[in-house]
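**Q** All chains should be built: construct the whole structure from the sequences, respecting the hints.
The listed protein sequences correspond, in order, to chains A and B. Be aware that the first sequence starts at 6, since it is given in my numbering, and climbs by one per residue. Be aware that the second sequence starts at 17, since it is given in my numbering, and climbs by one per residue.
Source of the hints: derived by calculation from the structure; they are not laboratory data. Do not take every clue at face value.
Unchecked claim - Okay, derived cross-link-like pairs now, EDC-like style, lysine to aspartate or glutamate, Cα gap no bigger than 20 angstroms in a straight line:
| # | chain 1 | residue 1 | chain 2 | residue 2 |
| --- | --- | --- | --- | --- |
| 1 | A | 89 | B | 178 |
| 2 | A | 93 | A | 142 |
| 3 | A | 89 | B | 82 |
| 4 | B | 207 | A | 105 |
Claimed, not checked - Residues from chain A that keep clear of chain B, each with C-beta distances beyond 12 angstroms, as calculated:
| # | residue |
| --- | --- |
| 5 | 74 |
| 6 | 77 |
| 7 | 131 |
Fair warning: this is a prediction, and the values are worked out from it, not measured in the lab. For glycine and all other residues, C-beta sits at the position ideal for the given N, C-alpha and C.
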Amino acid sequence: MNLLIKTIVMTTALCSCLLSTAQEHHDHEEANSSYASHSGHGASDGPVLTRTEDIESALADGGEPIVADVLGVVCDFCALAMNKIFSKREEVAAIYVDLDTKALNLVLAPGASMSDQTIADLAVEAGYRIAEVRRGDAALGSAS
Amino acid sequence: MTAMRTALLLTLGCLISIVTLARPVSYTGGWTVIGESDRQSSAVLVHHTPAHQWSAGPRIEVNRDDDFALYSVQPTWLAKRWFGADYQGNLYFFGGAGIASGTNGNPLDDRIAGYGGVMADWETRSRFASYRARYLGASHFGEQFMQAARVGFAPYEGDTGDLHTWLMLEIDHRPSDSDSVSATPLVRFFKGPLLVEAGYNLTVNQPLFNFTYRF
Numbered sequence: 006m007n008l009l010i011k012t013i014v015m016t017t018a019l020c021s022c023l024l025s026t027a028q029e030h031h032d033h034e035e036a037n038s039s040y041a042s043h044s045g046h047g048a049s050d051g052p053v054l055t056r057t058e059d060i061e062s063a064l065a066d067g068g069e070p071i072v073a074d075v076l077g078v079v080c081d082f083c084a085l086a087m088n089k090i091f092s093k094r095e096e097v098a099a100i101y102v103d104l105d106t107k108a109l110n111l112v113l114a115p116g117a118s119m120s121d122q123t124i125a126d127l128a129v130e131a132g133y134r135i136a137e138v139r140r141g142d143a144a145l146g147s148a149s
Numbered sequence: 017m018t019a020m021r022t023a024l025l026l027t028l029g030c031l032i033s034i035v036t037l038a039r040p041v042s043y044t045g046g047w048t049v050i051g052e053s054d055r056q057s058s059a060v061l062v063h064h065t066p067a068h069q070w071s072a073g074p075r076i077e078v079n080r081d082d083d084f085a086l087y088s089v090q091p092t093w094l095a096k097r098w099f100g101a102d103y104q105g106n107l108y109f110f111g112g113a114g115i116a117s118g119t120n121g122n123p124l125d126d127r128i129a130g131y132g133g134v135m136a137d138w139e140t141r142s143r144f145a146s147y148r149a150r151y152l153g154a155s156h157f158g159e160q161f162m163q164a165a166r167v168g169f170a171p172y173e174g175d176t177g178d179l180h181t182w183l184m185l186e187i188d189h190r191p192s193d194s195d196s197v198s199a200t201p202l203v204r205f206f207k208g209p210l211l212v213e214a215g216y217n218l219t220v221n222q223p224l225f226n227f228t229y230r231f
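**A** This is how it looks when you write it as structure tokens:
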């Protein structure tokens, strides 16, 4: 009986928190959508390149920017997996997996290239799936 | 003194652990160390992921209640991963075979032992649910079945590299135990390659400690 009471109390408390969190998550997403147009997200083409120091440096060196929307990226282990797999490639000069935008941000080494299929295959090696790839101006958010 | 005792218990728990949690298959070429300790046993698993759908590695499990240790090799198969822009779901099957050996003065002879089970989880950046079940057969050391379900939520959404915090509740069922159902609230901290969980089983008053390190 004691266990039953403890279990019911804990489950009730947790459900309350989950419902509260779900509402906050919904509110947060609504806020994000209104923020998107001036925070690095394209209005309709998905997130654009997240600019870390490494990314900026690689861009300054003339590398091609790539942003790939990744499905299933929900935690740091996901980001770590993508980092480990892509960082091994000599074509990649800088990488950042952004959990907020759910995007893989790459800048290639100057003169290097990497096909969409290669990016998709490497993502599979990491355990994930690519939904869309944007390059150049589209990745930077400066496409017309 | 209470804090020191708690820290000591958690440390001891870390050294000894059960059923693999927290992404038991890594990226291709990755290595992972997992330590777990719950109300029944403690275990350490080191696994390698040759391909993104499966991993394998040695595992040592100490069953404290039944005084035996199991030295095994555990393969884990990622049977299915569901992808979405905001979620990920996984279905795993795992097994293990090895030698069971008496501990703590248990005079029983070593015997071949094995186990098999299933794990499933569903996760967004702020909500989590999982289920796992395992059957263990260890000859004269006994048989065990357990199943556990877990729900959790993150009070905030951290970005890449931030400290991620989760509050969770696990309900486990072990038919062979006198307290067959128990509840364990726990907290999960997650930063980069390290995941640590600490909790306390309210039913049998024992700590829970798990960690996962991926490299």
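**Q** A separate judgement is required for each hint: does it hold in the structure or not?
**A** We went through each hint and held it up to the structure:
For the suggested pair residue 89 of chain A and residue 178 of chain B, the alpha carbons sit about 18 angstroms apart, so the restraint of at most 20 angstroms is met. Between residue 93 of chain A and residue 142 of chain A, the direct Cα distance comes to roughly 26 angstroms. Violation of the 20 angstroms bound is thereby established for this hinted pair. At most 20 angstroms may separate the alpha-carbon atoms for a hinted pair to count; residue 89 of chain A and residue 82 of chain B exceed this at roughly 41 angstroms. In summary, the hint linking residue 207 of chain B to residue 105 of chain A is supported, as the alpha carbons are separated by about 15 angstroms, within the 20 angstroms threshold.
Residue placement check: residue 74 of chain A does not keep its beta carbon more than 12 angstroms from all beta carbons of chain B (closest about 7 angstroms). Here residue 77 of chain A does not stay apart from chain B, with its beta-carbon only about 4 angstroms from theirs, under the 12 angstroms limit. With a cut of 12 angstroms on Cβ distances, residue 131 of chain A falls inside the contact zone with chain B, its closest approach being about 5 angstroms.
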